[in-house]
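Novice: Sequence:
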Amino acid sequence: MTIVRAVILVPAFLIGMFAQTIAEAQSPLKKPKVYPLWEFDEQGHTCRAKGRLQDRDYCASHLMDRIVADGKDAIPVLISQLRDTRPTTEPIYDYWSLTTAGDVAYFALDDLFTDSDWKTFNMPGLESLKEPCNSYAEDCWLRFLKKHGRKFVQDQWLAAWKKNKDRIYWDDKARCFRLSSRAKAKMLPHNQ
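Sequential numbering of the sequence shown, starting at 1198, is according to my numbering.
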């Protein structure tokens, strides 16, 4: 009787193990996080003239609040969206005829690493994205994209992120990302 029981139980056990493994392998992959940048939700055209997108006094946007709340985790998500050419519902800056989700990702990244003085940029390694241009902002941006492409922009940001991600932390007072020494970054586990 024990041999019969073993003959029945062992295959049943193996089938159960393989069925679970197969089911896990066939389950849909977790969708990567994406911000709906093409539906940028500025309240009352507040994000237009000057300032940084993360400054609530300047830009009222639930989406930017969510991005800031996500902290460092938002950076690779925004980098992944730099090549998204879906147009925004309307341009998010004054005097622009069109902005795309990828443009918004770039603007957000640029602003998130710009200090509260609106001049100091805190992410090294992106100097190649700052070419001199004597035209209006949209024209300069479109010329740059025509010359280098969105993939170039994304590759530059990705390289800077990979090189510096362990040193990046959020400064609540300045409302921007800054870089610190490795020792300080390790002492702030919520920023990792």
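One should not assume that every hint holds.
Lysine to aspartate or glutamate pairs mimicking EDC-like chemistry, simulated, CA-CA at most 20 Å apart [what the hints assert, rightly or not]:
(1) K1247 <-> E1287
(2) K1343 <-> D1363
(3) K1269 <-> E1328
(4) K1343 <-> D1369
(5) K1348 <-> E1287
(6) K1348 <-> D1363
(7) K1360 <-> D1307
(8) K1230 <-> E1287
(9) K1269 <-> E1335
(10) K1327 <-> D1352
(11) K1230 <-> D1312
(12) K1247 <-> D1352
(13) K1247 <-> D1291
Worth flagging that the hints you see were computed from the coordinates, not collected in a lab.
Novice: So which of those numbered hints doesn't the model satisfy?
Specialist: When the structure is compared with the hints, numbers 2, 3, 4, 5, 6, 8, 9, 11, 12 turn out to be violated.
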